[in-house]
Every structure is written in structure tokens, then in C-alpha cells.
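K.L.:
Here is how the chains run, residue by residue.
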Amino acid sequence: MRRGSAGAWALALLAVLVWAPPVRAHVQQGQAAGFFTGLGHPVSGLDHVLAMIAVGLWGAQLGAPAIWLLPVTFPMVMALGGMVGLLGVPLPGVEVGIAASAILLGLAVMSALRPPLAAAVVVVGLFGIFHGHAHGTELPAGQSALLYSTGFVMATGCLHAVGIGVGLIHRWPWGQALLRAAGALVALAGVFFMWRAIA
Amino acid sequence: MMRPPRRLAAVIGGLALASCPSSAEAHLVTTGLGPLYDGLLHFALTPEDLVPVLALALLAGLRGVTQGRRALFVLPAAWLLGGVIGLTVHGGVSPGWTALSFVLLGGLVASDARLPLGATTLLAALLGLGHGYLNGSALAQPGPGAVGLLGSVAAVFTLVALAASFVVPLRTVWARVVVRVAGSWIAAIGLLLIGWAIRPGA
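So the sequence lines, in the order shown, correspond to chains A and B. Mapped onto this note's numbering, the consecutive letters of the first sequence carry residue numbers 1 to 199. Mapped onto this note's numbering, the consecutive letters of the second sequence carry residue numbers 1 to 202.
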């Protein structure tokens with residue numbers, strides 16, 4: 001291709017890009033936004049992210065059956081909290097509860113705490129209600145309820161999966177030490193969140 | 001290398017085919033199959049219908065071959081019946097029914113409920129009648145109509161066949177747990193849908 005011809009093509013391409021209108025290829029405007037808004041919501045706050053990952057880390061430390069019972073239980077309990085939040089039912093001390101979840105889950109991972117399975121499920125479920133309630137009250141209007149909820153639940157589940165995946169290093173001695181250090185970091189972050197919640 | 005008589009026969013055959021062309025009728029407008037694919041795509045693009053069907057297929061698959069086969073035939077049949085009623089009655093869409101089926105079926109998958117064959121059959125029939133009715137109402141004229149309903153029934157059959165046959169052979173704990181986690185996600189979505197449906201100002 002000659003230099004002049006290439007320049008003309010480049011100019012034409014630039015013009016097309018500059019004047020590019022939106023495609024509007026989707027039949028239902030805002031539906032995809034509902035899914036992606038839901039997908040982004042749980043990862044938009046560090047307090048939620050750390051607590052969700054800590055659940056996975058703790059589950060991996062505890063091993064079977066907690067490693068699969070916690071990820072099965074948590075989304076449902078959290079959604080129950082979300083439903084309560086959507087209904088406008090007040091839950092006192094939500095932010096404090098979320099900060100406490102980061103502190104206690106972080107401490108549990110740091111100390112490799114091994115409570116009875118039922119106790120671990122109850123603790124995680126209780127924190128799940130706080131996290132779910134906070135999400136429920138923050139859900140934006142005008143989104144597709146189903147797609148938003150799908151994205152929201154999927155993102156939360158994926159955070160657990162990340163925690164479990166990282167937590168599998170527990171089988172090596174160096175991994176156990178690293179996990180405990182990660183737990184300490186989560187607990188420290190929880191102290192910061194608590195200070196911010198009550199300050 | 002082709003021998004001359006064979007080559008001659010091939011040329012004559014080719015000429016005969018070329019001289020008697022008929023229209024291909026490959027386009028959906030001429031075949032009349034457009035509404036069939038509309039119905040199929042309507043199901044595939046409607047998570048309110050697709051997800052509960054997937055959940056039932058997972059549930060039946062977790063319980064083994066017999067329940068998987070039962071769901072494979074009962075659900076599409078009930079879907080067709082419910083759809084015909086929906087086409088006739090033109091009922092409205094109930095978000096409560098969708099949320100209920102998400103919570104119930106997702107919860108059963110999450111808990112790996114050991115349902116007897118009769119219970120799975122009943123669930124498949126109820127799901128097919130309810131969602132088939134909603135589907136039929138949505139597909140009613142001036143939509144794709146009865147042919148579209150057949151498309152959605154074919155899509156239901158295909159999804160149940162694929163999902164249940166994928167789950168039936170799973171034996172390792174981890175693989176079954178992944179299916180149960182999917183069930184818990186479906187139940188969680190259903191719970192949130194209930195909240196969305198009955199929240200103040202909804």
C-alpha cells in the first residue's frame with residue numbers, strides 16, 4: 001500500500017472513531033447494566049471483599065465438610081439479609097457488624113481456630129446477614145432485579161472461591177504461616193473498619 | 001484417477017442436477033420456522049424460565065438416571081400443556097411464582113435433597129405447568145404463538161437432557177458440591193427476588 005493511500009485510510013478510520021455513535025445493539029436497554037452493576041457491587045467495598053475472602057480462607061483451613069458447607073450456606077443467608085434490607089427492616093449496627101466480621105474472621109484464620117462445625121456455620125451465617133442487609137439497602141433502583149441479583153450472588157460466590165483457592169496452600173507448612181499472616185492482615189483491616197464505623 | 005465412463009456419468013449427473021434446481025428455502029421466512037426459533041430463543045434469553053429448569057435438571061441429575069429420565073419427559077410435556085393454557089388464557093406474569101421456584105428448587109439442590117421419584121415428578125409437572133403457562137402467555141399472538149411454544153418446549157427438553165446427563169455421572173464429592181453451590185446461588189437469587197418484589201415502593 002502506498003504511503004498516501006495508507007494515510008487516507010488512517011484518516012478515515014480516525015473520523016469513524018471520532019464520530020462513533022452508540023450501537024444500541026441490545027434490545028432491552030439497561031438489562032446488561034443490571035447484571036454488571038450487581039457483579040460490581042460486592043467488590044466495590046474492601047470490607048465486604050476481605051470478609052468474603054476470609055470466609056473462604058477459614059473454610060479451607062477447617063477442611064471438609066466446612067470447606068463446602070460454608071460456601072453453600074453463606075449465599076443463602078446473605079441473600080436472606082439482603083431481602084430484609086430490601087424490605088426496609090432496620091438492623092442496628094450493620095457497619096459495626098461488618099467490621100466485626102472482618103476482625104473475628106481474620107482472627108479465626110490467624111489462630112487457625114477450629115470450633116465445632118455448627119458454631120462456625122452460625123458465626124459465618126450471622127455475619128452473612130449483616131453483609132446481606134447492607135447490600136440490600138444499597139441496591140440501586142431502576143435495575144433488572146433478576147440480573148442484578150444474579151450478578152451480585154455470582155460475585156459473592158466468586159470471592160469465596162478466591163478465598164478457598166488461596167486457602168488451599170494450607171497443605172504446606174509455609175502456606176499455613178502465610179495464611180495466618182493473611183488472617184492477621186484481615187483482622188487489622190477490620191480494626192480500621194471498626195474505627196471508621198464508630199468514629 | 002477416474003476412468004472415462006465414470007467421469008462421463010459424473011458429468012451427466014452433475015448436468016442433470018444443475019438443470020433441475022429447486023429453491024433451497026433455507027431462509028426462515030420461506031420455511032415458516034421463524035416462530036419456532038423465536039420460541040427457542042425466548043426461552044434461552046429469559047432467565048426467569050431458564051434458571052428454574054436448570055435447577056430441576058440439576059436436582060434430578062443429582063438423584064440419578066431414573067429421576068433424570070423422568071424429568072426429561074415430564075417437564076417438557078407439562079410445559080407444553082401449561083403453554084397451551086397460557087396461549088389460550090393470556091395470563092399475566094407473576095414475579096412471585098418465579099421467585100418461589102428459584103428458592104424452592106435452588107434450596108433443594110443446595111441441600112442435595114433425597115427426594116423420591118414421585119416428588120421429583122410432581123415438581124417437574126408443577127414447574128412445567130407454571131412456567132409453561134407464563135411462557136405461553138408471553139408467546140401468545142401477535143407473538144410467535146403455538147409454533148413458538150413448540151420451540152420453547154424443544155429448548156426445555158434440550159436443556160434438561162444436557163444438564164441432567166452432565167450431573168448424573170458425577171461421583172466425586174467436589175463435583176457434586178459445585179452443583180450444590182450452584183443450587184445455593186439460585187436460591188439466594190430467589191430470596192433477593194422476593195425482596196425486590198415486595199419491597200416498599202416496588
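No lab work stands behind these hints, which were simulated from the structure alone. C-beta: ideal position from N, C-alpha, C; glycine also. Mixed in with the good hints, there may be bad ones.
[Said to hold, decoys possible] Now the in silico label distances, taken between C-beta atoms and shown as ranges:
| hint | chain 1 | residue 1 | chain 2 | residue 2 | range |
| --- | --- | --- | --- | --- | --- |
| 1 | B | Pro169 | A | Arg114 | 32 to 40 angstroms |
| 2 | A | Ser111 | B | Ile198 | 23 to 31 angstroms |
| 3 | B | Ala44 | A | Trp172 | 39 to 47 angstroms |
| 4 | A | Pro65 | B | Leu115 | 20 to 28 angstroms |
| 5 | A | Leu11 | B | Ile12 | 52 to 60 angstroms |
| 6 | A | Pro116 | B | Thr88 | 51 to 59 angstroms |
| 7 | A | Pro116 | B | Leu126 | 45 to 53 angstroms |
| 8 | B | Ala18 | A | Gly7 | 46 to 54 angstroms |
| 9 | A | Arg114 | B | Asp112 | 20 to 28 angstroms |
| 10 | B | Leu162 | A | Leu117 | 50 to 58 angstroms |
| 11 | B | Pro169 | A | Gly165 | 35 to 43 angstroms |
| 12 | B | Ala175 | A | Gln176 | 41 to 49 angstroms |
| 13 | B | Ala44 | A | Ala12 | 49 to 57 angstroms |
| 14 | A | Pro116 | B | Thr158 | 39 to 47 angstroms |
[As the list claims (entries may be wrong)] Computed list of chain A residues with no C-beta within reach of chain B, every gap over 10 angstroms:
| hint | residue |
| --- | --- |
| 15 | Met78 |
| 16 | Val94 |
| 17 | Ile169 |
K.L.:
If a hint holds in the structure, say so; if it doesn't, say that too.
P.N.:
Hint check:
1. Checking the proposed 32 to 40 angstroms range against B:Pro169 and A:Arg114 shows it holds: the Cβ atoms sit about 34 angstroms from each other.
2. Distance hint for A:Ser111 and B:Ile198: a CB-CB separation of about 42 angstroms, inconsistent with the stated range 23 to 31 angstroms.
3. In this structure the supplied range 39 to 47 angstroms holds for B:Ala44 paired with A:Trp172, their Cβ-Cβ distance being about 45 angstroms.
4. Here the CB-CB span from A:Pro65 to B:Leu115 is close to 21 angstroms, well matched to the stated 20 to 28 angstroms.
5. Restraint check, A:Leu11 to B:Ile12: a C-beta distance of roughly 57 angstroms satisfies the suggested window 52 to 60 angstroms.
6. The hinted range of 51 to 59 angstroms is satisfied by A:Pro116 and B:Thr88, whose Cβ atoms lie roughly 56 angstroms apart.
7. The given range of 45 to 53 angstroms is broken by A:Pro116 and B:Leu126, whose C-beta atoms sit roughly 38 angstroms from each other.
8. At roughly 48 angstroms, the beta-carbon separation of B:Ala18 and A:Gly7 lies within the given 46 to 54 angstroms, and the hint holds.
9. A beta carbon spacing of about 25 angstroms between A:Arg114 and B:Asp112 agrees with the range 20 to 28 angstroms that was offered as a hint.
10. In this structure the supplied range 50 to 58 angstroms is violated for B:Leu162 paired with A:Leu117, their Cβ-Cβ distance being about 35 angstroms.
11. Range check, B:Pro169 to A:Gly165: Cβ separation about 25 angstroms, and the 35 to 43 angstroms hint is violated.
12. For the hinted restraint 41 to 49 angstroms between B:Ala175 and A:Gln176, the CB-CB distance of approximately 27 angstroms leaves it violated.
13. For B:Ala44 and A:Ala12, the hinted distance range of 49 to 57 angstroms is not satisfied, since their beta carbons lie about 38 angstroms from each other.
14. For A:Pro116 and B:Thr158, the Cβ-Cβ distance of about 45 angstroms falls inside the hinted range of 39 to 47 angstroms, so the restraint holds.
15. Chain B draws A:Met78 into its interface by the beta-carbon criterion, the shortest separation being 7 angstroms against a cut-off of 10 angstroms.
16. Under the 10 angstroms C-beta cut-off, the non-interface status given to A:Val94 relative to chain B holds; the minimum distance is some 16 angstroms.
17. Listed as a non-interface residue, A:Ile169 keeps its Cβ farther than 10 angstroms from every Cβ of chain B; the least gap is roughly 17 angstroms.
Violation of the numbered hints given earlier is confined to hints 2, 7, 10, 11, 12, 13 and 15; the remaining hints are satisfied by the structure.
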